[in-house]
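Residue numbers (this note's numbering), protein chains in the order written: chain A, 6 to 121; chain B, 4 to 121.
Honestly, the hints are just simulated from the structure, not real lab data. Please read all numbers here as calculations on a predicted model, not as lab measurements. There's no promise every hint is true.
Derived pair list, reagent style BS3-like, types lysine-lysine, alpha-carbon separation capped at 25 Å [what the hints assert, rightly or not]: (1) A/Lys62 to B/Lys6; (2) B/Lys76 to B/Lys113; (3) B/Lys116 to B/Lys76; (4) B/Lys113 to A/Lys62; (5) B/Lys120 to B/Lys6.
Across the chosen pairs, the derived CB separations fall in these ranges [claimed, not checked]: (6) A/Asn64 to B/Asp29: 14 to 24 Å; (7) A/Asn64 to B/Asn70: 31 to 41 Å; (8) A/Ser75 to B/Gln60: 37 to 47 Å; (9) A/Thr19 to B/Gln60: 45 to 55 Å; (10) B/Lys120 to A/Phe74: 43 to 53 Å; (11) B/Gly13 to A/Thr10: 49 to 59 Å; (12) B/Pro43 to A/Arg78: 19 to 29 Å; (13) B/Glu59 to A/Gln23: 15 to 25 Å; (14) A/Gln46 to B/Asp29: 12 to 22 Å; (15) B/Ser118 to A/Pro44: 11 to 21 Å; (16) B/Ser83 to A/Thr85: 40 to 50 Å.
C-beta: ideal position from N, C-alpha, C; glycine also.
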Amino acid sequence: KAGVTQTPRYLIKTRGQQVTLSCSPISGHRSVSWYQQTPGQGLQFLFEYFSETQRNKGNFPGRFSGRQFSNSRSEMNVSTLELGDSALYLCASSSGTGRVMNTEAFFGQGTRLTVV
Amino acid sequence: AQKITQTQPGMFVQEKEAVTLDCTYDTSDQSYGLFWYKQPSSGEMIFLIYQGSYDEQNATEGRYSLNFQKARKSANLVISASQLGDSAMYFCAMREPSWGGSQGNLIFGKGTKLSVKP
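All chains should be modelled from the sequences, with the hints used to inform the complete structure.
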């Protein structure tokens with residue numbers, strides 16, 4: 006069973022540009038969450054998608070957006086990049102839904118974004 | 004608000020010995036889940052073990068066990084028989100209760116860097 010796949014693995018962008026990151030969850034998983042990891046702030050939740058709908062959102066500016074497709078693959082977009090957006094972006098996939106306390110959250114290898 | 008505290012920024016352990024990584028949490032909810040992840044230098048977050056707040060037994064997965072003390076709000080990870088490949092960052096995380104169909108996001112501690120010495 007394939008794991009969570011994130012592309013690309015590494016990315017260098019210039020301040021002011023926009024970027025799109027992709028995440029393919031584990032087959033059969035319908036929930037995809039995104040996290041940002043920086044040395045200063047640690048791991049912070051960005052947003053969660055389930056069945057093409059955003060279910061939950063962290064405290065990030067509107068420059069950060071995402072979407073999910075019918076095959077559960079998800080993309081996140083960051084517009085007008087700032088130096089502080091340099092981070093490891095991690096995607097996690099889970100199978101469950103609703104108010105069940107889900108016991109799993111499998112992560113991909115992440116996309117390391119550098120803004121210069 | 005929910006919070007995870009890992010007080011050990013770095014730990015050293017001799018190969019083949021056991022090590023305990025500390026994690027305390029703060030929540031007012033009765034239902035929650037606790038996770039431990041390993042992050043090697045490659046960046047991938049590797050799921051190690053899960054403990055539900057209503058689970059009566061401490062979780063175990065191979066060389067990993069979770070010492071869950073609910074009254075003290077602690078969920079320490081115990082790694083037995085450490086191996087050189089265990090050198091990595093270790094994160095404790097808690098899943099918030101979810102509403103409106105959301106899974107509930109994970110809240111992470113700052114992590115502990117474990118170094119295994121040969």
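Do the hints match the structure? See the list:
1. The hinted pair formed by A/Lys62 and B/Lys6 meets the criterion: a straight-line CA distance of about 18 Å does not exceed 25 Å.
2. A hinted pair counts as satisfied when its Cα atoms are at most 25 Å apart, and B/Lys76 with B/Lys113 qualifies at roughly 17 Å.
3. With a C-alpha separation of about 22 Å, the suggested pair B/Lys116 and B/Lys76 falls inside the 25 Å cut-off, and the hint holds.
4. With a C-alpha separation of about 21 Å, the suggested pair B/Lys113 and A/Lys62 falls inside the 25 Å cut-off, and the hint holds.
5. Taken as a hint, the B/Lys120 and B/Lys6 pair is broken in the structure, with Cα atoms around 31 Å apart against an allowance of 25 Å.
6. Separation of A/Asn64 from B/Asp29 is about 18 Å and conforms to the stated range, judged on CB atoms against 14 to 24 Å.
7. The hinted range of 31 to 41 Å is satisfied by A/Asn64 and B/Asn70, whose Cβ atoms lie roughly 32 Å apart.
8. For the pair A/Ser75 and B/Gln60, the beta carbons lie near 40 Å from each other, so the given range of 37 to 47 Å is met.
9. Distance hint for A/Thr19 and B/Gln60: a CB-CB separation of about 53 Å, consistent with the stated range 45 to 55 Å.
10. Between B/Lys120 and A/Phe74, the C-beta spacing of about 47 Å keeps the proposed range 43 to 53 Å intact.
11. The hinted window of 49 to 59 Å between B/Gly13 and A/Thr10 is violated, with their beta carbons roughly 31 Å apart.
12. One distance hint, 19 to 29 Å for the beta-carbon pair B/Pro43 and A/Arg78, holds here, with the actual separation near 25 Å.
13. Distance hint check for B/Glu59 and A/Gln23: the Cβ-Cβ separation is about 50 Å, which falls outside the suggested range of 15 to 25 Å.
14. Distance hint check for A/Gln46 and B/Asp29: the Cβ-Cβ separation is about 19 Å, which falls inside the suggested range of 12 to 22 Å.
15. Look at B/Ser118 against A/Pro44: about 18 Å separates their beta carbons, and that is inside 11 to 21 Å.
16. Distance hint check for B/Ser83 and A/Thr85: the Cβ-Cβ separation is about 49 Å, which falls inside the suggested range of 40 to 50 Å.
In summary, the numbered hints that this structure violates are 5, 11, 13.
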